[in-house]
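4 protein chains.
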Amino acid sequence: MAGSTFGSCFRVTTWGESHGPALGCVLDGCPAGLPLSEADIQPYLDRRKPGDSSVSTARKEDDAVELLSGIFDGRTTGTPISMMIRNTSQHSADYGNLADSFRPGHADYGFDQKYGFRDYRGGGRSSGRETAARVAAGAVAAKLLSEFGISLRAYTIALGEVKLPEGAASSLSLEELAERSANPVCMPDTELAEAAVRSVALAREQKDSLGGIVECRIEGVPAGLGEPVFDKLDARLGSALFSIGAVKAVEIGDGIAAAASRGSENNDCMRMKDGKAAFMTNHAGGILGGISNGAPILARAYFKPTPSIYRPQETVNENGEDIVLTIAGRHDPVVVPRAVVVVEAMCALTLADLLLANAGARLSSMKKLYL
Amino acid sequence: MAGSTFGSCFRVTTWGESHGPALGCVLDGCPAGLPLSEADIQPYLDRRKPGDSSVSTARKEDDAVELLSGIFDGRTTGTPISMMIRNTSQHSADYGNLADSFRPGHADYGFDQKYGFRDYRGGGRSSGRETAARVAAGAVAAKLLSEFGISLRAYTIALGEVKLPEGAASSLSLEELAERSANPVCMPDTELAEAAVRSVALAREQKDSLGGIVECRIEGVPAGLGEPVFDKLDARLGSALFSIGAVKAVEIGDGIAAAASRGSENNDCMRMKDGKAAFMTNHAGGILGGISNGAPILARAYFKPTPSIYRPQETVNENGEDIVLTIAGRHDPVVVPRAVVVVEAMCALTLADLLLANAGARLSSMKKLYL
Amino acid sequence: MAGSTFGSCFRVTTWGESHGPALGCVLDGCPAGLPLSEADIQPYLDRRKPGDSSVSTARKEDDAVELLSGIFDGRTTGTPISMMIRNTSQHSADYGNLADSFRPGHADYGFDQKYGFRDYRGGGRSSGRETAARVAAGAVAAKLLSEFGISLRAYTIALGEVKLPEGAASSLSLEELAERSANPVCMPDTELAEAAVRSVALAREQKDSLGGIVECRIEGVPAGLGEPVFDKLDARLGSALFSIGAVKAVEIGDGIAAAASRGSENNDCMRMKDGKAAFMTNHAGGILGGISNGAPILARAYFKPTPSIYRPQETVNENGEDIVLTIAGRHDPVVVPRAVVVVEAMCALTLADLLLANAGARLSSMKKLYL
Amino acid sequence: MAGSTFGSCFRVTTWGESHGPALGCVLDGCPAGLPLSEADIQPYLDRRKPGDSSVSTARKEDDAVELLSGIFDGRTTGTPISMMIRNTSQHSADYGNLADSFRPGHADYGFDQKYGFRDYRGGGRSSGRETAARVAAGAVAAKLLSEFGISLRAYTIALGEVKLPEGAASSLSLEELAERSANPVCMPDTELAEAAVRSVALAREQKDSLGGIVECRIEGVPAGLGEPVFDKLDARLGSALFSIGAVKAVEIGDGIAAAASRGSENNDCMRMKDGKAAFMTNHAGGILGGISNGAPILARAYFKPTPSIYRPQETVNENGEDIVLTIAGRHDPVVVPRAVVVVEAMCALTLADLLLANAGARLSSMKKLYL
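Protein chains in written order, with our numbering: chain A, -19 to 351; chain B, -19 to 351; chain C, -19 to 351; chain D, -19 to 351.
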């Protein structure tokens, strides 16, 4: 069944494989009147590019976005925004030996069982390249959110065993986070970033790979976003983040630690501050009962280590034979740094969708629109 | 916007508050011909009932389900199954002092900001009572899954600081898990369960509350369920589990630990076994690239401690005044034991939906149906 | 697959058969703050009741609606509104001889082929009784629309061969239409209504049945509702009206006649009137390019004659035998008068949904809501 | 709100304006394994091209489709199929005088009211060019349907006042219909087609335009497609056909005539024929209670005359002034012949979607897939 669409109101559909001529997305439901050009989108795609050779693949991916529809005189028209990115760097030959064997840690076996065969070149739709289309759409979402005073930033908080100390990120503003994570691993701490780069290099030497944790902080979200019951803000964020290939856990606020804490510690008490209700702590990560409470939203995605490693691994092939597989080609020893902007994009898409979805929550608000 | 519906093909819509006359759900899309009666559903609701007084509220909730439609001659007809549970135990008076103040850790403030006012009696739609409707629907999903050899069981693996040792659950069969977790905290270990009961009692004495972790194991899932990209099996499970009120983190397989491991450790290698491809380990928790791989699925939901505690807490009220609030009424010092069957229900609903969604994946399968 | 839900933002799911204990609907997405009680809904259900014995069945259907959720202190809370109507008048025995034969003109054969069997009592889900749930939901939609100055009314314009002259309805106000169609056939012309009653009586005598045409006029719709391309206002109205069992054609504005006219005749020219752009004619029926243009919306539904007639008819049974079937039981010789309020309800549901869907059309409007 | 997606299981999203660089669609949910190449799609696009200069615009539209994703080794992979058509013939200069005035009979005014402004070049999204994307998707749907023995054909049955006699089309096979309607007006009768061509020429001379009626016949549809209640086969077809810009009425089977007939005439009786249940007549047009009954499906779309005519017309402009507008540019005096394949495409998309949606109707069918 169709599964390539995310969102109800602000709705993106992605398409494309790493080895076809192009990939892209259609974004439907963006309000009319938003100033938008390729210059708003390209920087996000650039953040997704393989960076410093120490941490990522030698592939050259020059992802240039083309805006094909939905813009007139520099503003969105309210109709679908089609964006396309040409594939320029595919090397089909590299994947020859994967045609009939199942790479450990990959979706190969599942795809084969589901569809009867698969496009084995670069993983087909399960390729990380698909996320380029999400990043393009996420850039539009972020632009829309900025019109409402909502801003967000993702950054690496752990890479392999190198981990940012508790509270280190929370003491930085979004601007500081952006500045300080401008390094090959997107970690907002110069020293730790260097340690992380070294640990990636080591893993690569050992023909191995690393995982890590990406955090996204979203500020300026008005209280009231998210829908009770199934479309809770955290349910949508959870869905958004788990839809990124290598994510194996998602956490909101104190999440995991909260499960071992007590109500008296974990409850965020409130006080009036500058005439407004404010939370004295933010264990909840900005979401209570699935609804934003006005405090910064904190979401964390846990990435498994890249499954493609250069060591020989035991697996089976389509003929039902035990084999030992050595994967050639070019692979990132860690996807985390490149996934940072993907996490940010998915959070932006989620928030933009719920911002629109919330428009009809109150009769009195609706009246402001129409009467 | 409407947010009370879960699923695309096997689709449940829940309704009702704790203080209205009833609550329930409509389940649309269940295939025709499934034998079904109230006797299939009631046991699931009974598992959700407040249990031993040591760990839960003194409220008496006798949730009797009524099947109102969609059944003929003891089988589903393919049309909507409406299920209703009467509310018999509401005490509106208890909630009087909450009408205009925002309970810490609750959705009160967000609801107020969203809708302009709220049904403060028992939390309205954010009440845990809403989950009774999900459990009823989940029972039908589980029945459907059982026809395809898919079975599942949820159980507590941590309650406050009492935690099942790593690997303790995985050595037990689903039947053993069911048997051994037949205790007030649903923990599949007699000694630890007793320790957990004591720790709940202590928390209650201290006017405090506890959180915990619930795990669900799903066996017999064919490889191939889940849709690439946004409707990945883990994205749907993530959404399903985060939609449960107090869940703050979700983990699939080794999830959190995987982020700190290496590819060579985390990849599940394959070998042929009894003529079938099999995974030698299951770090992935049965899901790769968002598609089931045939191994048991392992999902974990992290619950924060119950926000309603009997200690006075600092908060604000609707008039923008700082107040100290003491919550009266009856509250569970921990929701985890009662949430176990809710986790199971949400997993069952997710799998049933994706089982149906997968029907059209291959032309050759579709031909089996029609030609 | 699930097919019992209508609408995206203002979303109703109906459930129930004529021979179960009850039927009803869940309405999700209604904005919070709308004053609502059973007294708003019951009059619509009363309009659907079998009327004067001359034109309808002798069944007594006393459809009393119960509001089960989503209301607090007399206003909607923004959460699902569950409504239930008990079935009080089912006579299963009457349908005995239909269990294994396919009634001509009914959905029996299709249901059997689809599901492998069917609830033959009263047609199951294809029974006209299902529409009672829609009428209840439509009453809420109409109440919501009235808050925005949108009002609507449906009435019979043809019954069998008795037809209102072209233009007769358009010269009447909505209030006049309501008053004048307060007769057993809902036709806004006393003399023609009497002729229609006689022609129903004649058809009944001849053990035959009649069809007819229902028109709905919707006034006060702001220009701009409906979405370009697939969710055009007329596409949604078309879907809404064709979803009523016996409807075999739907027409917007001059519809059928327009196909034989010329552009110079059919185009509605515009002039300024009282400082506002206005259409000089309304051949388009208030919709251009799928978007409302501010003129009154005119939709027409063509109903086939009731398939249940008392004459013996040739058909086949489940054993593959040719048979002659005589249908017993109580049947309306014409469904049109009772369907009038169903048409109105479906139009109201469509407009309410698109009113909400349009909320996010412009960035500037969204800013009014949030900033 | 997003409105550019059609279908639930077999789901197409279109994008693009006539004056952007390209337009296209993404088709998600097509089963894996369907042989597919551009050669399957191009002939459908060619049928949509402006034909003989006597009946259509002088524009040269050479719509060449590019398949960008979802195909591997000549077969669909089960993942999104992206198709793009470059715009090669846009003349923005032609539309200069339309920038601030509202063309009678067009969506201009509604778009402006909805979005605050509009892409006035060629009508933006309300342009007929958008349908090229639907035709490409419809070609894939038709290919899929053909694998299940379902075939369909649309043709003109009326153009202005020239009308095919009742029953003339129904006596022809689908192949004969295809052959005989290979003329500039797609009317399956040589003489009438010539008369129609003359009548278009006359309308053009008179600076006027014509409407018409397109019929689509679908054969080989198994009984059981369509979902009870809101997703009835006719509700979906109605939605599909009304979503085509100029359609103002839709009719199934005897539709309009049925409303004036009697049950004894309109009911289709059944007899066994060659061991199968068969209908002796087909007044219902193959659909009863919203479910296909195995008889050929007959749907008719009524098109209004093209609103763009060369005569001066009264209208208003954005400054609120009464003006007289003369439209320049190139316009078809009738859209019907080019819309024939669009009708066919929308019917194919509807059937393909419901064919997939029906897969989960029965437990026993689902078991065939999985067990």
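You may find that some hints are simply not true.
As the list makes no split between identical chains, a pair holds if one copy fits it or if it spans any two.
With a straight-line Cα cutoff of 30 Å, these simulated DSS-like cross-link-like pairs (lysine-lysine) come out [stated by the list, open to error]:
#1 LYS29 - LYS348
#2 LYS123 - LYS187
#3 LYS253 - LYS143
#4 LYS347 - LYS29
#5 LYS348 - LYS256
#6 LYS256 - LYS29
#7 LYS253 - LYS187
#8 LYS348 - LYS143
#9 LYS253 - LYS29
#10 LYS256 - LYS143
#11 LYS187 - LYS348
#12 LYS347 - LYS187
#13 LYS347 - LYS143
#14 LYS123 - LYS256
#15 LYS347 - LYS123
Hints were generated in silico from the structure; no laboratory data involved. Everything numeric in this text was worked out from a predicted model, so none of it was measured.
Status of each hint after checking the structure:
When the C-alpha separation of LYS29 and LYS348 is checked against a cutoff of 30 Å, the pair qualifies neither within a copy, at 43 Å, nor between copies, at 38 Å. In this assembly of identical chains, LYS123 and LYS187 lie within 30 Å of each other by CA distance neither inside one copy nor across copies; the values are 40 Å within and 46 Å between. Taking the shortest alpha-carbon separations for LYS253 and LYS143, neither the intra-copy value of 34 Å nor the inter-copy value of 39 Å comes in at or below 30 Å. Taking CA atoms no more than 30 Å apart as the test, LYS347 paired with LYS29 passes in neither setting, with 45 Å inside one copy and 34 Å between copies.
For the homomeric pair LYS348 and LYS256, the shortest alpha-carbon distances inside one copy (23 Å) and between copies (21 Å) are both at most 30 Å. Within a single copy, LYS256 and LYS29 get their C-alpha atoms no closer than 42 Å, and across copies no closer than 40 Å, so neither meets the 30 Å cut-off. In this assembly of identical chains, the alpha carbons of LYS253 and LYS187 lie at most 30 Å apart only when taken from different copies (28 Å versus 54 Å within one copy). In this homomeric assembly, LYS348 and LYS143 never come within 30 Å of each other (Cα to Cα): the closest approach is 48 Å inside a single copy and 43 Å across copies.
For the identical chains of this complex, LYS253 and LYS29 are neighbours neither inside a copy (42 Å) nor across copies (41 Å), given an alpha-carbon limit of 30 Å. In the homo-oligomer, the alpha carbons of LYS256 and LYS143 never lie at most 30 Å apart, since the shortest distance is 35 Å inside one protomer and 40 Å across protomers. Taking the closest pair of Cα atoms, LYS187 and LYS348 never come within 30 Å of each other, the shortest separation being 61 Å inside a single copy and 45 Å across copies. In this assembly of identical chains, the alpha carbons of LYS347 and LYS187 never lie at most 30 Å apart, being 62 Å within a copy and 45 Å across copies at closest.
In this assembly of identical chains, LYS347 and LYS143 lie within 30 Å of each other by CA distance neither inside one copy nor across copies; the values are 50 Å within and 40 Å between. For the identical chains of this complex, LYS123 and LYS256 are intra-copy neighbours only, at 27 Å inside a copy versus 35 Å across copies, given an alpha-carbon limit of 30 Å. Taking the closest pair of Cα atoms, LYS347 and LYS123 come within 30 Å of each other both inside a single copy (26 Å) and across two copies (14 Å).
Of the numbered hints listed earlier, those contradicted by the structure are 1, 2, 3, 4, 6, 8, 9, 10, 11, 12 and 13.
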